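Undergrad: Sequence:
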Amino acid sequence: MDKIYDYKIIESKWQKYWAEHKLFEADNNSEKPKYYCLVEFPYPSGEGLHVGHPRSYTALDIVARKRRMEGYNVLYPIGFDAFGLPAENFAIKTGIHPAIKTEENIANFRRQLKSLGFSFDWSREISTTDPKYYKWTQWIFLQLFKHGLAYKTEMAINFCLDCKVGLANEEVVNGKCERCGGEVVKKTKKQWMLKITKYADRLEKDLDDLDYIERVKTQQKNWIGKSEGAEVDFAVKDSNEKIKVYTTRPDTLFGATYMVLAPEHELIQKLKNEISNFSEVEKYINDSAKKSDLERTELQKEKTGVELKGVKAINPVNNQEIPIWISDYVLISYGTGAIMAVPAHDERDYEFAKKFNLEIIEVITGGDIAKEAYADINNGQMINSDFLNGLKPQEAIIKMISWLEEKGVGKGAINYKLRDWVFSRQRYWGEPIPIIECEKCGFVPVAEKDLPLKLPEVKEFQTSDDGQSPLAKLTDWVNTKCPNCGGQAKRETDTMPQWAGSSWYFLRYIDPKNNEALADDQKLKQWLPVDWYNGGMEHTTLHLLYSRFWHKFLFDIGVVPTSEPYKKRTSHGMILGEGGEKMSKSRGNVVNPDDVVSEYGADTLRLYEMFMGPFDQAIPWDTKGVVGVKRFLDRVWNIYNADLGKIEDKVDADLDVLVNKTIKKVSEDIEAMRFNTAVSALMILSNKIIDQKSVSQEIMEKFLILLSPFAPHLVEELWQQLGHQTSVIKETWPKADESKFKNEIVEIAVQVNGKVRAKIKLAKDATEVEAVALAEADENIKKYLINQTIKKTIFVPGRLLSFVV
RNA sequence: GCCCAGGUGGUGGAACUGGUAGACACGAAGGACUUAAAAUCCUUUGGAUUAAUACUCCGUGCGGGUUCGAGUCCCGCCCUGGGCACCA
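Going by UniProt numbering, the first residue of the first sequence is number 1, and it counts up by one from there.
FYI, nobody ran anything at the bench for these hints, they're computed from the structure. All clues given are correct.
Distance ranges between label pairs, derived from CB positions:
#: 1; residue 1: Gly-442; residue 2: Asp-466; range: 19 to 27 Å
#: 2; residue 1: Gln-320; residue 2: Lys-270; range: 16 to 24 Å
#: 3; residue 1: Lys-13; residue 2: Asp-466; range: 52 to 60 Å
#: 4; residue 1: His-147; residue 2: Asn-389; range: 46 to 54 Å
#: 5; residue 1: Ala-370; residue 2: His-147; range: 52 to 60 Å
#: 6; residue 1: Asn-240; residue 2: Lys-459; range: 56 to 64 Å
#: 7; residue 1: Asp-521; residue 2: Asn-592; range: 41 to 49 Å
Computed list of lysine-lysine pairs in BS3-like fashion (alpha-carbon distance at most 27 Å, straight line):
#: 8; residue 1: Lys-650; residue 2: Lys-730
#: 9; residue 1: Lys-513; residue 2: Lys-454
#: 10; residue 1: Lys-473; residue 2: Lys-164
#: 11; residue 1: Lys-761; residue 2: Lys-740
These numbers were taken from a predicted model, which means no experiment stands behind them. Note that CB positions come from ideal geometry on N, CA and C, so glycine has one too.
Make the full structure from the sequences, and use the hints.
TA: What follows is the structure in structure tokens.
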């Protein structure tokens, strides 16, 4: 009687076995080389695991399992990033404390993750909401504060009207809130900020030495937005004031015919008395302040502005008097908040100058400035530019910068688009910011011995209408003594953003129970850096950038031994709904992993997600494809348990060649994240075994080892059936014997004038002479070669033979 | 507008540094088993032509080019997805 592949029994049996034998626990005292695999820990939402999660987790599970068999001491941990809005919103609706809901969700996630058989080291599980964990999140914040990298400032921030919460620039997408899609307006608020800009240079430069996929590197570089140029001072006529501008095109200085200040520029108020039309100017300033980010970017069709009448600026290169305007196309937050306008060679300035009839002076040849601005920096030569005339723009830049420096009116300068990180949230479910504000002493950190500063209990979780955190209502908690002078003081009531806990979690896995330090020095040295980190593209400019920043800071103060956290970063594509659209409850196309596991088994789900398509690409879910993969596993089971094959003591040259090729292919594909073709290679091998009706024990074992990272439960069961007492994890990953397929018989193409006219079979390492002889004997080839002279013969061993006649 | 990916059968996708396009899988069609169905197994499956799974022709978004040979390289376009966006 055939034995049935009962995946439910098999999968729970082996999950239990792995846990009981602690097979996946990383060893802190091992002689083996270490390997640290990391996946982004999930936010434990109420909906449970998404089928997208296992895509990433299975991929690195495969890597982790392969590394163990290659003799590494592997750390593959998991935890939960559990602070955040959904649990809080649920609390607002139901009154159930976020901690309770979060605990429940984590339990569900843990169950789901375990049901998929990932080789996580569960003994190191962490949650960012655990006070023993966030003690160290707060501790890092205090170090940032002590080193002047955390500061509170009044500034215009992005404020989501729906969430009633301040947002980091990174969290605003197309003028809308990244999380809820609500309208985002500018609001002036006192906010805690982190000086990530201080690290802009290193965050960009150090990317070069990292093994990150190229897309991630370019996205981070674009976000950091480094640009090189010059700062130039323009004097204000009859005044001691100067207008400092940043430009990437100092070569065009002779073409600067007017200046534009951002409406928020401080100089406008200073020059109040000299500006004859100040009421008009003031009106413009107020109008643009009212605009939301969305309006300001949407209204980009028509430029607006007002001239500051009564004041003029002086162009330092030619002492020309030029008008000063204000306009909201100049941003206060970039560069110096003021520009020199060169309408002939900048599109925006051109548009503005045309609208307000301002002078346009061409200083580079090559364009037609009667029609449009000519911004090409690589062509043309300088004109109307005194000492720059005749130079190419790139040469002119160098000459101009040294001229500016010589005259003391400017210098070479670098600018970044990156802005400081808004770190306050007026929310309950986050880490309290451990700062006390004392009337006398200012901002005083909570003493390190008093950490963690626990999140107090509240009755209401709602942010107040004036945008205050729910903590602000707890007067007993808020009013406290200054740790410094003992006087009356108030606690900070804002909490940290969700990105805080995830900025360092990979360090805690290394030593998750340590209460004396965020992790032990020796252990950090043992495990860092993370060797391979996989996660979503959506975290490239948020989590990934933030955690690199924190890590660099921790490195600078001697807490961690490496300047970068992650050696290698890869990214998985999204899994879309069956119609090719994003999975969402409203579309009703959500696939629940629990259903797939119960209907087809964990091994099928894992294998399907690896097989469905290129790992880094977005792919729609296809239940039919799941069925196909399940059939494959059924057949593998039936090789031994039904009559599809026999295990025999035999030598089979064909299978021996194929198994060695498969070893090579699967090994290489896993490293290159080509899981789909690795699975296909395994299918080809199994089809061949079934085709031959029998297989030797040795080849079957090699096949099972190759399959084991993908479908570990099934393989463990079969491994046991083959007579083994220990887990397949204890085996050694096989090496391909390339000599086995060196002189395999292959079919090669014979071309005449580039067209395939015949196929011939010969040994892979056959010589050209042998190949030509065989080809010329072919009837069809004869037809093409008759009455022709062969001009040239091209032979690619193992591939093709080509005659040119 | 700029910066990344990408465009291959009915579908998801393969194709090493330019070397047999369509691996593997899904779907479909036909057959076997079955009282029947499901499951399973076998065969076929880019298009045209054909008795033929012989030969030939066409075929990797479009138009050119380089080459004995182009899905792959070069030039010029079109389209899709993602990122950035008045960043001076």
